[in-house]
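*Asks:* Residue-level listing of the chains:
There are 2 protein chains.
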Amino acid sequence: MVDNFFKKRKSIKQVEESTDLAPKFDENGLIPVITTDFRSGEVLMQGYMNNDAFAKTIALGEAIYYSRSRKSLWHKGKKSGFIQKIKEILIDDDQDCVWLKVEVIGGASCHVGYRSCFYRNIPFGKNIYKSKIILKFTEKEKVFDPKKIYKNALNPTKL
Amino acid sequence: MVDNFFKKRKSIKQVEESTDLAPKFDENGLIPVITTDFRSGEVLMQGYMNNDAFAKTIALGEAIYYSRSRKSLWHKGKKSGFIQKIKEILIDDDQDCVWLKVEVIGGASCHVGYRSCFYRNIPFGKNIYKSKIILKFTEKEKVFDPKKIYKNALNPTKL
Numbered sequence: 235m236v237d238n239f240f241k242k243r244k245s246i247k248q249v250e251e252s253t254d255l256a257p258k259f260d261e262n263g264l265i266p267v268i269t270t271d272f273r274s275g276e277v278l279m280q281g282y283m284n285n286d287a288f289a290k291t292i293a294l295g296e297a298i299y300y301s302r303s304r305k306s307l308w309h310k311g312k313k314s315g316f317i318q319k320i321k322e323i324l325i326d327d328d329q330d331c332v333w334l335k336v337e338v339i340g341g342a343s344c345h346v347g348y349r350s351c352f353y354r355n356i357p358f359g360k361n362i363y364k365s366k367i368i369l370k371f372t373e374k375e376k377v378f379d380p381k382k383i384y385k386n387a388l389n390p391t392k393l
Numbered sequence: 235m236v237d238n239f240f241k242k243r244k245s246i247k248q249v250e251e252s253t254d255l256a257p258k259f260d261e262n263g264l265i266p267v268i269t270t271d272f273r274s275g276e277v278l279m280q281g282y283m284n285n286d287a288f289a290k291t292i293a294l295g296e297a298i299y300y301s302r303s304r305k306s307l308w309h310k311g312k313k314s315g316f317i318q319k320i321k322e323i324l325i326d327d328d329q330d331c332v333w334l335k336v337e338v339i340g341g342a343s344c345h346v347g348y349r350s351c352f353y354r355n356i357p358f359g360k361n362i363y364k365s366k367i368i369l370k371f372t373e374k375e376k377v378f379d380p381k382k383i384y385k386n387a388l389n390p391t392k393l
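Residue numbers (our numbering), protein chains in the order written: chain H, 235 to 393; chain P, 235 to 393.
Just so you know, these hints were derived from the structure itself, not from any lab.
Mixed in with the good hints, there may be bad ones.
Copies of the same chain look alike in the list, so a pair counts if it fits in one copy or across any two.
With a cut-off of at most 27 Å between alpha-carbon atoms, the simulated DSSO-like pairs for lysine-lysine come out as follows [claimed, not checked]:
no.	residue 1	residue 2
1	Lys376	Lys392
2	Lys335	Lys258
3	Lys335	Lys321
4	Lys366	Lys244
5	Lys335	Lys319
Assemble the whole structure, with the sequences as input and the hints as a guide.
*Replies:* This is the structure in structure tokens:
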């Protein structure tokens, strides 16, 4: 059990301009989290935390998310070994989003096996109307084989 | 009106490993968007898009979000002048999050006046239990004065 570090939200001035940590959890009790590699700045993944996951992340210094598919706390890397060591935690202006800068032990953050979850980009621009949108892979090789790491664990992706 | 670029979600293999763009919008019809500066890698803001905003962003090459407070499309920078020119659009493994790399005309992305919305960090670690959590400002000066730019517009922050 960890302390509750969070203040009540009292005013816009407090939320935006003060040193109070007063995060806003959504109607499901969650706050979105952006996780980047502290060296490269690359976005590795986007997840969610509930009150407990956020407090525990602050206390432990390792990323603990809330898994919406498993409906439970998710200490990232406990199964795969790819622990995310916190280097910095930031909060945004209205305190409804968290940014974690992390060092990933083992170098992978994506359950599909890539370094980052964002391994495909989307073509865009004025001439895109009539052409087909075809994603382009920006990572060529997987860092690990998910079948070996996760064995028979359920794939978290939902259709 | 723009084309609908999006495919139907058929299988986990299609979503994770193919070149189909088949995004997942949540129960409110929204997908979270992470926006970073294409040069520095800094996270500037986190927002949301609905189907229409996402398609228009792809077609226009400038960031168009869905404003949850105003309940309408939000062409970022139309009011403030701080347009976000798209440099790259990425999608994550299960296609429920978008990452935009942008160039910000004018250099600010935060309605409070800072360069990034993430201008405060949170102390963390093992000795944090008994101490008070006090946010630390990482940006010292505002890029612009919100009162001059937005005049009497409603502050989007909700308590």
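*Asks:* Which numbered hints does this structure break?
*Replies:* none
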